[in-house]
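Between the sequences and the hints, there should be enough to build the whole structure, so can you do that?
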Amino acid sequence: MMEGFKLLVNTLAHPTIMLTAGMLVFLFFFPPNDWFEKWNRRLHLNFLWTKKGFYFVIILMVVFFLIGLTDPNFSLIIKKPDNVPIIGLIFFVFIFLWISMSQALKNDKLIDAGEKPEEYNDPEDKVLVWPDLVYIEFIALILCMSLLLIWSIGLDAPLEGPANPADSPNPSKAPWYFLGLQEMLVYFDPWLAGVVFPSLILFGLMSIPFLDTNPKGGGYYSYKQRRLAIPIFLFGWMILWVALIVIGTFLRGPNWNFFGPFEFWDLHKLVPLTNINLSEIIYIKWFSVGLPENILVREIFGFLIVFGYFLLLPPLLAKTAFKKLHQNLGNFKFGLFIFLLLFMLSLPIKMYLRWLFNLKYLIAIPEFFFNI
Amino acid sequence: MIMNEEGKKEQTVSGNELGQDSTPTKPTLKEKVGKKEASASIGKGTFEEEISRRSFFSWLTIAWITFSIATGAFFTMILRFMFPNVLFEPPQSFKVGYPKDYTVGQVDVRWKRKHGIWMVRNPEYIYALSTICTHLGCTPNWLLNEQKFKCPCHGSGFRKSGINFEGPAPRPLERFKILLADDGRILVDKTKIFQYEKGQWNDPESYLVV
Numbered sequence: 000m001m002e003g004f005k006l007l008v009n010t011l012a013h014p015t016i017m018l019t020a021g022m023l024v025f026l027f028f029f030p031p032n033d034w035f036e037k038w039n040r041r042l043h044l045n046f047l048w049t050k051k052g053f054y055f056v057i058i059l060m061v062v063f064f065l066i067g068l069t070d071p072n073f074s075l076i077i078k079k080p081d082n083v084p085i086i087g088l089i090f091f092v093f094i095f096l097w098i099s100m101s102q103a104l105k106n107d108k109l110i111d112a113g114e115k116p117e118e119y120n121d122p123e124d125k126v127l128v129w130p131d132l133v134y135i136e137f138i139a140l141i142l143c144m145s146l147l148l149i150w151s152i153g154l155d156a157p158l159e160g161p162a163n164p165a166d167s168p169n170p171s172k173a174p175w176y177f178l179g180l181q182e183m184l185v186y187f188d189p190w191l192a193g194v195v196f197p198s199l200i201l202f203g204l205m206s207i208p209f210l211d212t213n214p215k216g217g218g219y220y221s222y223k224q225r226r227l228a229i230p231i232f233l234f235g236w237m238i239l240w241v242a243l244i245v246i247g248t249f250l251r252g253p254n255w256n257f258f259g260p261f262e263f264w265d266l267h268k269l270v271p272l273t274n275i276n277l278s279e280i281i282y283i284k285w286f287s288v289g290l291p292e293n294i295l296v297r298e299i300f301g302f303l304i305v306f307g308y309f310l311l312l313p314p315l316l317a318k319t320a321f322k323k324l325h326q327n328l329g330n331f332k333f334g335l336f337i338f339l340l341l342f343m344l345s346l347p348i349k350m351y352l353r354w355l356f357n358l359k360y361l362i363a364i365p366e367f368f369f370n371i
Numbered sequence: 000m001i002m003n004e005e006g007k008k009e010q011t012v013s014g015n016e017l018g019q020d021s022t023p024t025k026p027t028l029k030e031k032v033g034k035k036e037a038s039a040s041i042g043k044g045t046f047e048e049e050i051s052r053r054s055f056f057s058w059l060t061i062a063w064i065t066f067s068i069a070t071g072a073f074f075t076m077i078l079r080f081m082f083p084n085v086l087f088e089p090p091q092s093f094k095v096g097y098p099k100d101y102t103v104g105q106v107d108v109r110w111k112r113k114h115g116i117w118m119v120r121n122p123e124y125i126y127a128l129s130t131i132c133t134h135l136g137c138t139p140n141w142l143l144n145e146q147k148f149k150c151p152c153h154g155s156g157f158r159k160s161g162i163n164f165e166g167p168a169p170r171p172l173e174r175f176k177i178l179l180a181d182d183g184r185i186l187v188d189k190t191k192i193f194q195y196e197k198g199q200w201n202d203p204e205s206y207l208v209v
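For the protein sequence lines, the chains are A and B, in the order given. Following numbering that gives the first Met the number 0, the numbering of the first sequence begins with 0 at its first residue and continues without gaps. Following numbering that gives the first Met the number 0, the numbering of the second sequence begins with 0 at its first residue and continues without gaps.
Keep in mind the hints are simulated off the structure, nothing from the lab. None of these values were measured; they are calculated from a predicted model. All C-beta atoms in this analysis are idealised placements derived from N, C-alpha and C, irrespective of residue type, glycine included. A few of these clues could be false.
[Unchecked claim] Here are the in silico distance ranges between beta carbons for each label pair:
id, chain 1, residue 1, chain 2, residue 2, range
1, B, M81, A, P291, 40 to 46 Å
2, B, T102, A, L6, 39 to 45 Å
3, A, L201, B, D188, 41 to 47 Å
4, A, A20, B, M81, 55 to 61 Å
5, A, M144, B, G136, 37 to 43 Å
6, B, F56, A, I152, 54 to 60 Å
7, B, S67, A, F369, 37 to 43 Å
8, A, K284, B, M81, 45 to 51 Å
9, A, T212, B, T75, 42 to 48 Å
10, B, F74, A, T10, 52 to 58 Å
11, A, I58, B, G136, 42 to 48 Å
Take a look at the structure:
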């Protein structure tokens, strides 16, 4: 029974299954359009944002980690001092998401009934800076300090031996907050995953006030009035950042192979894996001719795909799925929005290309350090 | 006092926004504060001295010049820090024993820690592979069972020849110049590298025929 459960979790934990399921489920929990919202209501998914749903998920997570503690392999990962913040992160991300979503749904109901959102009706909710707010902050400060003190006394810092460039620990993991970046680096050339993507994340976050011109939902929680903004942000945050950190923490083992949470970290786990570039697939596998000498001829298909993705998709989406948004935002703002969105989506797309087709790079020009 | 004003403002704005008259039944924040009579005012100190426009700008110029000098000096020191007086580095060319020390088909990991090379012998020749992953510079491990070099950082894999075949590494491992010294021992020179993607592995200096 227990073995079967562990085997099931190990199988489901494979990123292809977990991330696909995660993304599908995500759209139903955070419906971006009417169709998904219909199913959201039909499946009663908003149960999650009620008090019962809260306790249900918290208990489920606690039970999962308690079972994990009984497993020799998973308990090693859970108990590692490095990973404690991430277990905290899993709980806290859910708790804060629950607080905002439950409040948003309450407000949606009020707005539907023609009333003001709760935030407006409650002057008791406002406090004076001095003394009330300063006292609250002071108490929070003391609690945080004592928590950090207890934490630092109770758990030793996971220090290792003196650094040696000839000897990388196996697996070598980045600090927990960078594990999402490290996961990105598996699929992209360093200049993309290490420079372009992080810059675009910051740039994209900065451009939110410029792009999001929806005046509703300011000062109060609401889901219905921000049905596009919330799912897009949460997709980037929950799936492309938090989920990648969780994958990097719990599922990446020696030699950076995938391991199920209950799987033994076998140094010699054999993963048959040969990544090939798009040019090799097309010229060698399909056409059975050698790679052309000329670099541009060799990589022409990769260039076509990448340029098509960034140049053809935006006008196409402006005419179809995002027609209303395009009218509201105008050409420039919409162009910026769709460029950032497509860049964000290129990460999961590339991950799937790697997992499903062992595709290494769409454009591979190692001669000039240019790989996409 | 400040909080009081802002609270009041928010109250009226919110009332207008939702098209409802703002006559809350509970006491507003303003009323609550009013009872406490907080009447201290901020920012009403007396500035009697006149600061002329001209003197303000000359002070501003001096301030900016001083700031620029300080910042410039700071970055100069940082730049100087990049070039240490003494640099402890292992020798770039060294001897790694006789050709007969190496067995055909084996990857020799003896020199990995000290010199950062793997010596590989195949039936025809010996070559010296760099132990630096071409992705982000971690040190891969030689996995005997799988017959591959595997990087623990992002999972790049290299064949025995040094060719990359899995993970994100964009190009093969580099090879170093290798030659036979006068005393019959092998001399590896790390100052000269040979890259496969540039077709340099055909260079006779990149391997040692035995």
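Identify every previously stated hint that the structure contradicts and give their numbers, smallest first. 4
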